[in-house]
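Protein chains: 4
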Amino acid sequence: MPGSTFGKLFQVTTWGESHGEALGVVIDGCPPGIKITEKDIQKELDRRKPGNDNPLSSKRKENDKVEILSGIFNGITLGTPISMMVKNTDARPEDYKDLKNTFRPGHADLSYQLKYGIRDYRGGGRASGRETVSRVMAGAVAKKILEKFKVKIAINVIKQGKLNSKDVNDSVGGILEIKVKNAPSGLGEPVFDKLNSDLAKALISIGGIKAIEFGAGFKVADMKGSQNNEKFINKNGRFSTKNNNAGGILGGISYGDDIVIRLAVKPPSSIGKIQKNGRHDISLIPRIIPVVESMTAITIVDHLLRQNAIKL
Amino acid sequence: MPGSTFGKLFQVTTWGESHGEALGVVIDGCPPGIKITEKDIQKELDRRKPGNDNPLSSKRKENDKVEILSGIFNGITLGTPISMMVKNTDARPEDYKDLKNTFRPGHADLSYQLKYGIRDYRGGGRASGRETVSRVMAGAVAKKILEKFKVKIAINVIKQGKLNSKDVNDSVGGILEIKVKNAPSGLGEPVFDKLNSDLAKALISIGGIKAIEFGAGFKVADMKGSQNNEKFINKNGRFSTKNNNAGGILGGISYGDDIVIRLAVKPPSSIGKIQKNGRHDISLIPRIIPVVESMTAITIVDHLLRQNAIKL
Amino acid sequence: MPGSTFGKLFQVTTWGESHGEALGVVIDGCPPGIKITEKDIQKELDRRKPGNDNPLSSKRKENDKVEILSGIFNGITLGTPISMMVKNTDARPEDYKDLKNTFRPGHADLSYQLKYGIRDYRGGGRASGRETVSRVMAGAVAKKILEKFKVKIAINVIKQGKLNSKDVNDSVGGILEIKVKNAPSGLGEPVFDKLNSDLAKALISIGGIKAIEFGAGFKVADMKGSQNNEKFINKNGRFSTKNNNAGGILGGISYGDDIVIRLAVKPPSSIGKIQKNGRHDISLIPRIIPVVESMTAITIVDHLLRQNAIKL
Amino acid sequence: MPGSTFGKLFQVTTWGESHGEALGVVIDGCPPGIKITEKDIQKELDRRKPGNDNPLSSKRKENDKVEILSGIFNGITLGTPISMMVKNTDARPEDYKDLKNTFRPGHADLSYQLKYGIRDYRGGGRASGRETVSRVMAGAVAKKILEKFKVKIAINVIKQGKLNSKDVNDSVGGILEIKVKNAPSGLGEPVFDKLNSDLAKALISIGGIKAIEFGAGFKVADMKGSQNNEKFINKNGRFSTKNNNAGGILGGISYGDDIVIRLAVKPPSSIGKIQKNGRHDISLIPRIIPVVESMTAITIVDHLLRQNAIKL
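Sequence lines, in order, name chains A, B, C and D. For the first sequence, the working numbering gives the first residue as 1, with consecutive numbering after it. For the second sequence, the working numbering gives the first residue as 1, with consecutive numbering after it. For the third sequence, the working numbering gives the first residue as 1, with consecutive numbering after it. For the fourth sequence, the working numbering gives the first residue as 1, with consecutive numbering after it.
Just to be clear, a hint being listed does not mean it is correct.
Each pair may be met inside one copy or between any two copies, as identical chains are not told apart.
[Said to hold, decoys possible] Computed list of lysine-lysine pairs in DSS-like fashion (alpha-carbon distance at most 30 Å, straight line): (1) Lys-179 to Lys-219; (2) Lys-100 to Lys-35; (3) Lys-35 to Lys-144; (4) Lys-181 to Lys-39; (5) Lys-311 to Lys-150; (6) Lys-49 to Lys-150; (7) Lys-49 to Lys-87; (8) Lys-87 to Lys-61; (9) Lys-152 to Lys-231; (10) Lys-242 to Lys-159; (11) Lys-43 to Lys-311; (12) Lys-179 to Lys-159; (13) Lys-224 to Lys-61; (14) Lys-235 to Lys-219; (15) Lys-224 to Lys-97; (16) Lys-181 to Lys-224; (17) Lys-235 to Lys-97; (18) Lys-219 to Lys-181; (19) Lys-39 to Lys-87; (20) Lys-219 to Lys-152; (21) Lys-162 to Lys-219; (22) Lys-242 to Lys-162.
No lab work stands behind these hints: they were computed from the structure.
Based on the sequences and whatever the hints tell you, model everything.
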């Protein structure tokens, strides 16, 4: 299958280009009976909007107003596909005319051209970070389901790069840490659709994420088995370990401890002169957080449904 | 779909438990006309075998003799499913009797029990590293296809932990680096099935891999955009950059440069007394290399076929 | 995966309810470089519109005006998802208020309620024939691809029921015959995704189709092998047989002869008083033809791409 | 994905050629905790075996002895892939030497050659009816699951062709009727993966099935809406209709009534002289019945799990 669909049972398909008519998402497989309003979606979209008050953020002004087009009736999911859309209102394709024959460093212009022999050069087209609008809409629905299970996703900024005044036209990277608290046990399918492999796919699929580690991560390279192994602590049937070296997942399956993941976020590639035209971000971190949350939530919900299926 | 299948067009399904009858793989979607013999498969299986000469390796003695059961006729692939199997000959389920009611630290015993309410306690069952026998058989076929495209996969050991004489019952971790040389451009599908996301999924699905990074990886957290961005060098239509910060993939699509990946390998969890019974490895590194190669090859071939499909 | 997606490589996802905001489709996997305009889509939509001049047709007045939202740039497909939408303009949900607690005979009201515990009672919601708007939009794109391969899909009405003047509030059934001319050989995958099995799935998924037969169809029950078997006629490398008993498909794979299929179309379930409110059709035949064409085209294109993938 | 896999959650992958080493199946997604022994599988295999006592049956003598290779431990499913195999013991590839350059009428020889440019000419290779051994093994497992839900699948021979003594070298067709009794309601996914579309795909994928109809089937072409529509009868929450014109499925979803399907079975293509060598059947009917049951059971179980997944 082509690549714009994620998930096996909670199946998310996104569409749209940065400077096209609109961006949208279709969620197929959302269970019926979930209460969702446009407000729930809008709240999440607003978190990823280019903010006036955030100095790291792009100057493109988009309302990102969600329209729910199907799948929800009287505020409740029907079980049928949920289609949602955000129209582009501040698209300025003419700003990108000069890029028609240019392959911007660090961008996907070249690779799209090599793949398709044609590309939408307007602001990166499908490769733009603007595509994540669709992911956040789907994530908002996934979070409503996780609420029922009292699962919480917390994101911490472990490292945020800074700019000196002299390099004002530059951009910076950073590191994020995800903690999924109260994660149900038993999620993840041996041997390829492990919970960690699907989370890795989901999170690495976000533009700008260059590395991912689970639990002790790269530190395991310097550890001995006797250090890395940890006894289980059983607290009323809920298992955990002292340092959570495993990051809450063993053999690809959650066992009830917090799921811990760290991500390396690259500095945005649009800098300098291009930045003036393209109205881009200085750091991806503030706006990528709801996207990271969304992809995590979508993956957890998908595996929740998969695990649900086999409980006869 | 359940989790024992990987790939969309070059579709690999594995089966088997560590101390069951056999382990095997079905490859569906292998193009017809590829020359493959049992020797080609056996050569790769032998590379991952527990070795007498390798002091880091388990003492379990398995011949790992491949049997090709279908899909290949007179040494040539038919286009129909290739079924391959390796029988277990040195299985010793009785060694694991004591583990029936035990959840070994660092192992998947607990998580399988929580997921399924039942588990094969004999040597980890499906969660055992022995499952990778199936991956290596599939990888051997994938490599034959990559040969036609002159793609090469090189693995370097970046770090290998060591044991002091006093901790002889312990185990060690390490770091591997993968380089895919002469990778075709245009591989990878926006926006979820990016080449890097699928490689991340494939490689994180290998037991013991706790982290993955592409190109500059975690270093991007400390970089500025002006450092991370790199001009393309066009050499006879083949593109590359000076430092390959992007790791050969931009926007999820290869552009012809080497694909560069690093993996953190954890120290094996079986140590001490258990090790004596269970006959396990001191380091995963020597035997995991052909597995890492295999998963890389399978992913690249799958995307080769996917890219091939759209070229009308 | 949930059920609103069809196709493995030419992947069609539909969404929308009869009296919701809009109906739409996302096509992922359409090859780049195909010329498509809104006119091409609109032409097909107009063919399935409730017609003033067709006495068998519903009185609901919908413009069914297509909006292309993504995936096409300057009239050419980009290779990225094509999103298309038709807004509902003559929805009259209040006409269906009385149906809230009723399960109409022959309709899906009951089965949706049993499945989901909730349903959109407005005109059948997702189960309405109006959903086929989405299929026709996708079919229009598939046909543009078939044009490149000179494949033609012809539909003949084999039987069309008639109403006597006295039963004016009733409805009628019929039989359609599909002929795919100039079908490429080699399409279809053993053993489950046979071309005939995928066509059967595609066509039986259209509401109102109750039976399907290929080639000689039900007549084979009365035939002997010596009658049903037919010698191949090789005309410049293109194979056919005298009577085409096989319907152009053997072992699930096309061999170049016309693909011949017949479908039984049931009489619409909305009749009598309900018809007055619900503005429904007397026969599905006139409006189902472009839907049948579309599902046939989508299936053929999907298999074209699948066959293309393995030609290294 | 390639075509040797059926099902989304109860995922069945078959492999093997008629005169290769063996034929087998991998079931991924079978829920844990189901009691299954080799006897359960063997019983079903024996039903499809070429029988001595059945005069319509082939003379090839195969034990068809099942070997369970994985996924079942102490007689109970583990939730991991179930691999099963039957070795070919009476393969006589040399009987087919003459067919190397021949395309037999009514067989898949030609279409495989056109598709792959290569084929296993030994007894039809992958296209042989012998492939159904794998389906029957998977069906035996599916039936064990249906037992838990008290679902029964009954097959009736509606028509069985007969040979006059003078045409002893010929073969005959027939018609089968399937009734799924006590089918759970709510199975089937709008709009493509309807229960009837997936059953159509499953059953048409069996070699020799040329037509399928649900409920009233082709008769709807001659019916009026007022005849075809039927009031629901509610008996203690279980719904049915007088004539079951709908065949137990409306809008693609079961509502609790019997699911009724009829299939046209073609006369076997191997007749006359070829029959003497190839040891084929005079009618497919006796041996196809367990195959039809199996594909029905697999489809129902797959949809059972899918419906189970959304019940939060």
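Item to complete: Pop the pair Lys-181 and Lys-224 into one bin, within, between, both or neither, using alpha-carbon distances up to 30 Å.
Response: within (27 Å within a copy, 33 Å between copies)
Discussion item. My question is about Lys-39 and Lys-87: at a cut-off of 30 Å on alpha-carbon distance, are they close within one copy, between copies, both, or neither?
Written reply: both (17 Å within a copy, 22 Å between copies)
Discussion item. If the cut is 30 Å between Cα atoms, do Lys-242 and Lys-162 qualify within a copy, between copies, both or neither?
Written reply: between (34 Å within a copy, 25 Å between copies)
Practice prompt. Using 30 Å as the alpha carbon limit, work out where Lys-224 and Lys-61 are close: within a copy, between copies, both or neither.
Written response: Answer is between: at 25 Å across copies they meet the 30 Å cutoff, but 52 Å inside does not.
Worksheet entry | Homomeric proximity label, Lys-311 with Lys-150: Cα distance no greater than 30 Å | Both: 20 Å inside a chain and 17 Å across chains, each within 30 Å.
Practice prompt. Could you figure out if Lys-219 and Lys-152 sit no more than 30 Å apart (CA to CA) within one copy, between two copies, both or neither?
Written response: both (26 Å within a copy, 29 Å between copies)
Practice prompt. Pop the pair Lys-49 and Lys-150 into one bin, within, between, both or neither, using alpha-carbon distances up to 30 Å.
Written response: within (27 Å within a copy, 45 Å between copies)
Worksheet item: When no copy is specified for Lys-219 and Lys-181, does a C-alpha distance of 30 Å or less occur within a copy, between copies, both, or neither?
Response: This pair counts as both: shortest intra-copy Cα distance 22 Å, inter-copy 28 Å.
Worksheet item: Should Lys-242 paired with Lys-159 be assigned to within, between, both, or neither, using CA atoms and 30 Å as the limit?
Response: For Lys-242 and Lys-159, the Cα distance is within 30 Å both inside one copy (24 Å) and across copies (27 Å).
Practice prompt. Please work out whether the CA atoms of Lys-43 and Lys-311 approach to 30 Å or closer within one copy, between two copies, in both situations, or in neither?
Written response: between (34 Å within a copy, 27 Å between copies)
Item to complete: First find the shortest C-alpha distance between Lys-162 and Lys-219 inside one copy, then the shortest across copies, and answer within, between, both or neither for a cut-off of 30 Å.
Response: Cα proximity of Lys-162 and Lys-219: in one copy and across copies (25 Å, 15 Å).
Worksheet item: For the identical chains here, do Lys-224 and Lys-97 meet the 30 Å Cα criterion within one copy, between copies, both, or neither?
Response: Answer is between: at 27 Å across copies they meet the 30 Å cutoff, but 56 Å inside does not.
The structure fails none of the hints (numbered hints given earlier).
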